[in-house]
Amino acid sequence: MEKTLKKVDIIFEIDDKQSPLSILEKTIKRSPDEIILDLIDSGLKGRGGAGFPTGLKWKFARNEDSETKYIICNADEGEPGTFKDREIIDRVPDKILTGMAICGYVVGAKEGFIYLRGEYNFLLKNLQKRVDDYNLGMKKLNFDFTIAIKSGSGAYVCGEESALFESMEGKRGEPRNKPPYPTVAGYNSKPTVINNVETLVYTSMICRMGPEQFKALGTSDSRGSKVFSVSGDTPISGIYELELGMPLNDFVNEFGDGDTKAVQVGGASGHCVPRKKFNDTIIGFEGIPTGGSMMIFNSSRSMYNVLHDYLEFFTEESCGQCTPCRVGCQQLLKGIEAVKRGERPPAYLDDLKKLTGTMKIAAKCGLGQSVGNPFNSIIDNFREEIIY
Amino acid sequence: MSTTEALVKELVEKNGKTRNSLMPVLQGIVQNERYLSEEALLSVARELDLSAADVYGTASFYTFLDTVPRGKNIIRVCKTITCHMKGKDEIVNSLCNALKIKVGETTHDNKFTLLTANCLGWCHKGPVMLINDEVYPDLTPQKALEIIEEYAKVAQ
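Residue numbers (the working numbering), protein chains in the order written: chain E, -14 to 373; chain Z, 629 to 784.
Extracted from the complex, chain E is given alone in its bound form (with noise of 0.2 Å):
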């Protein structure tokens, strides 16, 4: 039986009554333990991709001991097939500075940055309008906490969090060893809270209507709504807020063209699933996580340009630094075309799934670690379209 899917409307939602800053306002009058332990309750995860519990970031970094802390939005979206971010800060800003201002007020912070990527510079002049205008805003509530935009130089490895760190030094985007982690050290060494976009968004809906509403969508691994990404072969490409959870054959069945082949989940880094995987996979972090990128395939599309535009695509952004991703990316690229040429038997395509075990032990960051779950799922499912 089909099911229809459960749209929502929480992150583009317009409130007449409600002004984003009016919830700072309110929400600072609580304790920043009770909203940690809101936000904890909720269920909430990273809606960048990662997954990391929202809650336990910021109770981390406020637990930390350091006269000066930052808040950073991660706006480097540059996930292939991710544009939800972009819509987001174009529609609703004043709901991710709001997120912002209340992590501030939880951590301590008093300085927020938002890293928005150059391919979203037409962004600028409104956003900054709009940061202008708030900052205004908390400054008229006695509220210590300003925020300023950093522009990002197309770099997609910056959206990584301590490369996007190294970028607002001053310096290459080349990530960091982890630990220590963010919340530890990030920006200038100081404790940071990195989040992404949507997530500060969803942030600031929770405590406008508490943790109830929100965990009363989705499932218990995946409490809540999401942003999705749609584009491909679909005659309706779009953003769509949706519950968590869902079967992807019901996803299919509602943005597919009728001649889906494949879906490739969670843009080039995740994963790509086949028709008779359809009914077995779950959207979020029980099944296939994403931040938000849903790519349709239809029967005209040949997996092997796929896979080959993804890995070029990697093998342009890897920022070049540890050698697993460097030369691990060439050689994948390289592997494929040398066994559709021939040159290579179809079974060194069983030494490159080989080689992208250890990139995900060897490489330094997610780029490196992640280049596996395209290569592998694409070379599993349609082996012969990449031999042939």
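Hints are computed from structural coordinates only; laboratory data are not their basis. Do not rely on the hints blindly, as some may be mistaken.
[Unchecked claim] Calculated lysine to aspartate or glutamate pairs in the DMTMM-like style (CA-CA distance at most 20 Å, straight line):
| id | chain 1 | residue 1 | chain 2 | residue 2 |
| --- | --- | --- | --- | --- |
| 1 | E | K156 | Z | E762 |
| 2 | E | K2 | E | E96 |
| 3 | E | K114 | Z | E762 |
| 4 | E | K110 | Z | E633 |
| 5 | E | K95 | E | E159 |
| 6 | E | K110 | Z | E762 |
| 7 | E | K135 | Z | D761 |
Got chain E; can you put chain Z on it based on the hints?
Below, chain Z without anything else, positioned relative to chain E:
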């Protein structure tokens, strides 16, 4: 003092004489001069008291911080998967034909540089291109040509 030196001084004054200002300073130069000349890089190194190699090392990491001369208008066509599926090759080809350059090149009159870029975040409205900071989604080859004609007029 050359105009580049004056610009660097002004940007350093505005952003502060610290390492953390390096990105905004470099971005400000690119905004005004479209690329980072050797003169600009050396001047930044001097003003921020960094080694020239360090400044160049940082600049060359970032796609949008060009260290080779660029035209007055920089076109970046998204080449990532969904834009690829929606026909970015046709867009690139029609721009190459109209401008009589290949990807990576600049027109003789210095009005346009044509580049490709990784995912620009408009997958639901591909193919898409940026011209400088402006975005143009839902392209067709015809639309792309009309848009650059407008830029060509302004650049005259």
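Hint by hint, here is what the structure shows:
no.	hint	verdict
1	K156/E x E762/Z	violated, 26 Å
2	K2/E x E96/E	violated, 28 Å
3	K114/E x E762/Z	holds, 18 Å
4	K110/E x E633/Z	violated, 26 Å
5	K95/E x E159/E	violated, 27 Å
6	K110/E x E762/Z	holds, 12 Å
7	K135/E x D761/Z	holds, 15 Å
Consistency with the previously given hints fails for numbers 1, 2, 4 and 5, ordered from lowest to highest.
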